[in-house]
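Asker: Chains as they are written, first to last, in our numbering: chain A, 1 to 331; chain B, 1 to 331; chain C, 1 to 355; chain D, 1 to 355.
Hints listed in this document are in silico derivations from the structure and should not be mistaken for laboratory results. None of these values were measured; they are calculated from a predicted model. Honestly, I wouldn't trust all of these hints.
Dumping the calculated EDC-like pairs for lysine to aspartate or glutamate here, alpha-carbon to alpha-carbon at most 16 Å [stated by the list, open to error]: (1) B:Lys57 - D:Glu143; (2) A:Lys115 - C:Glu15; (3) B:Lys115 - D:Asp113; (4) B:Lys187 - B:Asp26; (5) A:Lys201 - A:Glu254; (6) A:Lys201 - A:Asp249; (7) B:Lys201 - D:Asp330.
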Amino acid sequence: MRESRQVFEKMTMVGALNGALRDALDEDPKVVVQGEDIGRLGGVFRVTDGLQHRFGKDRVVDSPLAESGIVGTAIGLALRGFRPVVEIQFDGFVFPAFNQIVTQLAKMHARSLGKVRLPVVVRIPYGGGIGAIEHHSESPEAYFMHTAGLRVASPATADDAYWMLRQAIASDDPVIFLEPKRRYWDKCEVNLTTEPAPLHKARVVRPGRDLTLAAYGPSVKLCLAAAEAGAAEGRSLEVLDLRSLSPLDTDTVEWSVRRTRRMVVVHEAPVFVGAGAEIAARVQERCFYHLEAPVLRVGGFHAPYPPSRLEEEYLPGLDRVMHAVDQAFAS
Amino acid sequence: MRESRQVFEKMTMVGALNGALRDALDEDPKVVVQGEDIGRLGGVFRVTDGLQHRFGKDRVVDSPLAESGIVGTAIGLALRGFRPVVEIQFDGFVFPAFNQIVTQLAKMHARSLGKVRLPVVVRIPYGGGIGAIEHHSESPEAYFMHTAGLRVASPATADDAYWMLRQAIASDDPVIFLEPKRRYWDKCEVNLTTEPAPLHKARVVRPGRDLTLAAYGPSVKLCLAAAEAGAAEGRSLEVLDLRSLSPLDTDTVEWSVRRTRRMVVVHEAPVFVGAGAEIAARVQERCFYHLEAPVLRVGGFHAPYPPSRLEEEYLPGLDRVMHAVDQAFAS
Amino acid sequence: MELVQLLTPEGERFEHPDHPLETTPEELRGLYRDMLLTRRFDAEAVTLQRQGELGLWASLLGQEAAQIGSGRATCPDDYVFPCYREHGVAWTRGVDPLNLLGMYRGVNHGGWDPDANNFHLYTIVIGPPLLHAVGYAMGMAREGADSAVLAYFGDGASSQGDVAEAFTFATVNAAPVVFFCQNNQWAISTPTSHQTRAPIHRRSAGWGFPGIHVDGNDVLACLAVTRSALERARRGEGPTLIEAHTYRMGPHATSDEPRRYRDDSERQTWEAKDPLLRLRAHLEKHGHTDAAYFEDLAQEAEQLALRVREGVRAMPDPDPAAMFRHVYVDEHAQVSEEQREYEAFQATFVQEGPQ
Amino acid sequence: MELVQLLTPEGERFEHPDHPLETTPEELRGLYRDMLLTRRFDAEAVTLQRQGELGLWASLLGQEAAQIGSGRATCPDDYVFPCYREHGVAWTRGVDPLNLLGMYRGVNHGGWDPDANNFHLYTIVIGPPLLHAVGYAMGMAREGADSAVLAYFGDGASSQGDVAEAFTFATVNAAPVVFFCQNNQWAISTPTSHQTRAPIHRRSAGWGFPGIHVDGNDVLACLAVTRSALERARRGEGPTLIEAHTYRMGPHATSDEPRRYRDDSERQTWEAKDPLLRLRAHLEKHGHTDAAYFEDLAQEAEQLALRVREGVRAMPDPDPAAMFRHVYVDEHAQVSEEQREYEAFQATFVQEGPQ
Ligand SMILES: Cc1ncc(C[n+]2csc(CCOP(=O)(O)OP(=O)(O)O)c2C)c(N)n1
Ligand SMILES: Cc1ncc(C[n+]2csc(CCOP(=O)(O)OP(=O)(O)O)c2C)c(N)n1
Ligand SMILES: [Mg+2]
Ligand SMILES: [Mg+2]
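All chains should be built: construct the whole structure from the sequences, respecting the hints.
Answerer: This is the structure:
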């Protein structure tokens, strides 16, 4: 079906996301995109660049400045049979829409005993590392993971960004789609003809024998660097890109940890009641007799995201990951 | 200071909370109470019964039907030097206020580098078991625990309810105060003259040797029943009432598990990325070599709270707790 | 602003220049029947709650005209977004009253098919559905459909930020939606004066769309103003706000005790404005009805009550597996895993026999 | 509704029956000085951002009159809630401009003491501070204070539900608060016509409180209307909404590219309405100033710029331990634990020496 397309080389994640939206809008007239400043401006990150020009103001809609309204009307559009993809401008601005997301978007399918489907995608540029002011660097994934009825996914590369966004739009369930904004400008080869993996499958991005590093979104690249550094020290670290946070691909995690017997989970969000807590809790439940060391977590502190001059201290960096790896081996 | 007061006997939790509010309003003119229907009606659970009559409409305020407004204006009142205690009518209605709570209430002290203090208490009747309709039985604690800047606490008895609410009101930090509504009408002896314990300290409510049951709020009573049942089977189960969820009193938890070497955490909220995940993750981190079995979790499913005719299936009950205990011993 | 009224409490009929309404005797009898059957159904539900068959009930007593009048103004292709008390509106949409009881009985959270009658699920959280209504209307407009959305909310709900955002999205998109506020004077124990100092129908002017104040106990006026507002919406002229002046005669819900916060005398004043009495007076005065009509109707009402009573009692408790169904459309690993564990656990009891 | 204007773009002075304003030449010179210094400070911040000293800057260029006029209407005991662009208002409250740069440099999230000048922190999330303002005003009223709150928001912000809730809480509590909307025609790339189809100042009528439309580039008109609104609030007569018609001459923030969404010609139209030029014309025409005044002022502006430039460059990066400080007032076990671990980890580097 997409034979005519070339395999693009070296695309940024922004470009890949833009392509995914363009192709989805092209293929399905029910797909509509809405958000603040996504039209003429193309979004503050240019993810929607050119889409309004191409598909018109009815399908690529500059919304009023009201996130509850953006998500609430998207729910209404979905009830009418549309497949809305909405953009929240930054992570910190999803909270005005939280009521709509948690009490309505997540629950309406169940409330209706399956009669109603809400294929809504909520795109959120998230995470830190871009030197921004308050509320522009947060990682709210744990809130959404804890909310039954939502799917939560986050790509780590441009290739995954393209395909995972296409899959999220194709999903009949609501998807919180978390885009690691510090990776927006990273380039990689995007294969536009072959769907690489299902949306909710984790992937071994670097095989290893001695310890599993589990991460997603912005932290995968960091873990790959850590594995490189580990190799230099003679340790073989396996890196898992979880890709999906709800559901969690526990099978792949388990399969990895049963071999490596050690695990460190890395994310930018605060560790306290974060995604890593769930992963650690599950792994010790299922791999109790395989573990040589406790599952360790490296992530943000129990503190508001700091001013940007401190963000490198707050975010998990190579040093902190390697330190946790050392601790796991010290056990 | 309170010598003149008698030791009340057999008070309901509603009565204890009412007393705590009354005494706080009495002692500090800066304490104000606001919420929907808390005045003439005395709140849908009568927690504020008689307070408006006694303290006037300026201090016990029937607010418009708008939770963001309730919390937002409470923040403003706190900035002016007041100590607002607000009521959210039911757990499921806290989400319209989520933006105010997460981006403002939790972060303003840090944002101001300590210049601003927001001694706001957000009271939320939470949890299930009362046969209610949708959104009236949820347990949102994980969302608040994950949010740095908030304190989160939940009493399990009338005695704790009185004192913990007093302590929450006295706290200079914002406190999310979760009231287990299914225990509202349970009576116990309330000692109005002696502060029993600090707000953030866990308590061993039943000592045991073989396994630790950790719970809070509505589930403590359940765990006590489980310990009773366990004793009949010859197992000595220790029951911890965590009382505080943020901070978590990890020291007490650790101290208990190091002795019993087994642990089951029980709560009504969904287990996926819930409070139990954090507790399990911490315990395996800190007590790795002491554990004889993985820390197990018993709680709500990854599903919206069901219609009331199913709530007994959804909520952790004695059977499910005992089953987890059996599993912990089977390991 | 003047209160639109077409029928006085004494049953006198008026014409209104802006809201003309032609009715046949048959239509008038139909409206009366709708109101009476709705009231009877509602009373039955209150009884069923007292008998323990329902966990809770939110009665519409006193609001029959507002609901039947506005509901009867809709066309089949229109779409309706209710709150949780719109039993009369549901009736006009052809929803089986039994369906309304499921959530109050605790066997489901709604669960009817909204698309079967273009009547959305009851929604407990106050505020969000107004935005769903606007989104739905935006979708209709994009499809060029010749239909409109009717969205209900209460005087209390008017304070929620989502309502304001709904007005914003409706106007900038010129969405074909009518916002129908039943100002029944109370939000649980809170009088309307605690929600706003200006009449609610004035709210829309600040967004540049019309607001209408209608006698909510006058079924003809409610029908007329809603019909013209829906027509306006279908013509692409955007939203209208209607405030229906009415009264919640009963408690907020069966769990409520109105004596704690309001005088019975208030209720008595409103009894004189009863929506059914005035239409009955009109019907009788103009010879549109005879004794047989009322007798037949009374009988029909009792049959409805009987059917509801029996239907509710026969409503089975849901299968526990339903907890896990429909959380997602497609498989979700955690749900499947929890369901497997739950079922394995349940199976241990079956093996051991009943406890 | 008519636009309140006391000074034409040509510097012609008018009287307005509802908003009388007496000014001395000294006051007029003071207002001009405020605007000029603010503009100079703002330009310096833009430069500092280009030089990499700031991560971002949100310029107020074009909005000096709206901010200085309204800000100068406040009394010391009044309290001000800004958004993130109210540098001119901050100036009138006596906040050191250097303080405004901390968050844009990334060394803090605000961090000044709001009570030192009764000027609240800049708040990035749009909507919430309006409710804080109302709550603060409710507190003032309860204390019987003879003061009022002035709360700023933008045309874009007007769409947030929190703004509507602020209007509700303000009216039912008759809170002494003035809502000041700087309609600078744009919310990033979104024109005001995408937020509302009716003028923003009409919004308040639906809540029963007055709305005023003022020429936001006329510093005298802004001063006059804000002063009378604050006085009204202090008299206990409740809130007022002011919409100041103005223009954001620059990009939304330094990261923005306005050419993608608006024509330069629009900006040129507004240049003719420049708030500084018109007051300068008036001052010169009436002989209130001479060349020396403008020269001295220009020098003062350069000194301010110099002080800001040097001050910013000298701003130290925060101590990493600051991450853990002030999360809570009192000790919090998890924070303490994480801080201990962090410090122990850092100590390993110190021992090993610089990497
Ligand atoms: C967001 C939210 N907050 C609180 C409630 C609890 N509650 C249920 S009904 C009600 C009063 C509603 O009053 P109104 O909007 O006038 O509708 P009415 O009940 O009079 O039909 C309240 C406060 C709720 N359902 N949703
Ligand atoms: C809740 C929220 N959503 C989105 C943003 C991102 N954002 C920052 S400024 C802005 C536009 C604001 O426009 P307006 O209110 O007119 O104020 P102006 O910038 O023109 O002063 C947006 C969308 C935000 N800060 N907060
Ligand atoms: Mg009402
Ligand atoms: Mg603007």
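Asker: Please list, smallest to largest, the hint numbers that this structure does not respect.
Answerer: 2, 4
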